[in-house]
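Enquirer: Chains as they are written, first to last, in numbering that gives the first Met the number 0: chain A, 0 to 236; chain B, 0 to 236.
Source of the hints: derived by calculation from the structure; they are not laboratory data. Warning: the hint list may mix true and false statements.
No copy labels: a pair is met if it fits in one copy or bridges any two.
The calculated lysine-lysine pairs, modelled on BS3-like cross-linking and capped at a C-alpha distance of 27 Å, are [unchecked claim]:
#, residue 1, residue 2
1, Lys113, Lys101
2, Lys149, Lys36
3, Lys164, Lys149
These numbers come from a predicted model, not from an experiment.
Protein chains: 2
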Amino acid sequence: MNLILLEENDFSAPQRVTLRDRRFQHLLATGQLQTGKPLKIGIINGRIGSGTIIVFDEQSLDLEIELHQAPPPPLPVTLLLALPRPKMLKRVLQGVTSLGVKQIYLINSYRVEKSFWGSPLLQTEKLREQLLLGLEQARDTILPQVHLRKRFKPFVEDELPGLCKGTTALVAHPTADRLGALQPNRPTTLAIGPEGGFIPYEINKLAECGFTAISLGERILRVETAVPALLSRLLPG
Amino acid sequence: MNLILLEENDFSAPQRVTLRDRRFQHLLATGQLQTGKPLKIGIINGRIGSGTIIVFDEQSLDLEIELHQAPPPPLPVTLLLALPRPKMLKRVLQGVTSLGVKQIYLINSYRVEKSFWGSPLLQTEKLREQLLLGLEQARDTILPQVHLRKRFKPFVEDELPGLCKGTTALVAHPTADRLGALQPNRPTTLAIGPEGGFIPYEINKLAECGFTAISLGERILRVETAVPALLSRLLPG
Numbered sequence: 000m001n002l003i004l005l006e007e008n009d010f011s012a013p014q015r016v017t018l019r020d021r022r023f024q025h026l027l028a029t030g031q032l033q034t035g036k037p038l039k040i041g042i043i044n045g046r047i048g049s050g051t052i053i054v055f056d057e058q059s060l061d062l063e064i065e066l067h068q069a070p071p072p073p074l075p076v077t078l079l080l081a082l083p084r085p086k087m088l089k090r091v092l093q094g095v096t097s098l099g100v101k102q103i104y105l106i107n108s109y110r111v112e113k114s115f116w117g118s119p120l121l122q123t124e125k126l127r128e129q130l131l132l133g134l135e136q137a138r139d140t141i142l143p144q145v146h147l148r149k150r151f152k153p154f155v156e157d158e159l160p161g162l163c164k165g166t167t168a169l170v171a172h173p174t175a176d177r178l179g180a181l182q183p184n185r186p187t188t189l190a191i192g193p194e195g196g197f198i199p200y201e202i203n204k205l206a207e208c209g210f211t212a213i214s215l216g217e218r219i220l221r222v223e224t225a226v227p228a229l230l231s232r233l234l235p236g
Numbered sequence: 000m001n002l003i004l005l006e007e008n009d010f011s012a013p014q015r016v017t018l019r020d021r022r023f024q025h026l027l028a029t030g031q032l033q034t035g036k037p038l039k040i041g042i043i044n045g046r047i048g049s050g051t052i053i054v055f056d057e058q059s060l061d062l063e064i065e066l067h068q069a070p071p072p073p074l075p076v077t078l079l080l081a082l083p084r085p086k087m088l089k090r091v092l093q094g095v096t097s098l099g100v101k102q103i104y105l106i107n108s109y110r111v112e113k114s115f116w117g118s119p120l121l122q123t124e125k126l127r128e129q130l131l132l133g134l135e136q137a138r139d140t141i142l143p144q145v146h147l148r149k150r151f152k153p154f155v156e157d158e159l160p161g162l163c164k165g166t167t168a169l170v171a172h173p174t175a176d177r178l179g180a181l182q183p184n185r186p187t188t189l190a191i192g193p194e195g196g197f198i199p200y201e202i203n204k205l206a207e208c209g210f211t212a213i214s215l216g217e218r219i220l221r222v223e224t225a226v227p228a229l230l231s232r233l234l235p236g
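Only chain A is shown next, with the shape it has when bound in the complex (with noise of 0.2 Å):
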């Protein structure tokens, strides 16, 4: 945790907040419950700052807090990704908060096991908790959208356009050539199929809104180590 994050229900003034929860408890673990203690802290959707243990008892603190600073910048893409199994999911989840992506989309593919889709972390307060965690590592506020879209059609033909229009639309194959389209900075919808990629009838739908099929080489790579490979080319160099 190298940022705590507040939510409004926090606050019992406007410069002071109280904790109880998790976090209360992360900094009873970790010895940092001390009085005038300066703590790195941020509101949720918000800006940056620091907190002072004001005071604390067994079961909560009071935090002094001064904002004076806006979280890092997003990265311009908008992810889609295979759904992953769930056991990956939340590590991919995290992974993908804490290098700034803002607008995550879940989608359908051929190779996505159904069964995925029946996960309890796919309900809205588990992939919250995912994402905190994302934020409390790379000490960001603004929560990333998660959408989740079990059917890969309509979801293409439908709504897609819009989504990657005035972007560079790209999806990870392997067979394709390699990455020079992945460019710093630049908005870019990024596709990444499940393991095993996608079929030859998804990359198609794909083509025909506008996807080029970039690879990180003739390796197969898990998600978990594909997502930061690929979103780290879209890094200011």
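Could you slot chain B onto chain A? The hints should help.
Expert: Frame of chain A; chain B shown alone:
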């Protein structure tokens, strides 16, 4: 398992192998035990090709193999990685291997917990298991070499100058400027610190050795995210 890796003692004849272990179980579990079925195979530290199932029973299978391809080119990098916590080490080793790194130095740093060095995962056989998983994932055959260096100072003073000679020597450090020095295909020695980063003494020692600091930006990333994000910048453009 995108590739079945074969060892010398699997061979019963020059082009024939018998499989009994984990690899047999995997093919059984994934419904691939069919006579005539072609499979991607590779020889550890050797060539890649295809195998055909000739016979099988409940405990083993025989493959006739043909080798017709070199493994993918290695990534021209020597990776120095502050020893991660054991749970993360597994994933990081698999990921690093799947990206084509062949020289991995797990090094000490002030912020590496001493207990990590006692992990059973650091035994040669256990390390090898993770490397094999990474190779199978990426369809590669060349086993990375993992070197354990439990003392930072003698490593950096006595061994590192020779190691990084003739390469671009870079250390990932949050306060540094951007990534400019990390260029595709350039022989590189890349040092990545522990969660919390190298301490100033260590950064100074690396600087004396010719290392330049680079950064992925103001976000703080977990090692498992930072490593593929950094290595990706070395892939051909």
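Enquirer: Does each hint fit the structure? Answer for all of them.
Expert: Results of checking the hints against the structure:
1. Lys113 <-> Lys101: within (26 Å within a copy, 37 Å between copies)
2. Lys149 <-> Lys36: neither (47 Å within a copy, 33 Å between copies)
3. Lys164 <-> Lys149: within (22 Å within a copy, 52 Å between copies)
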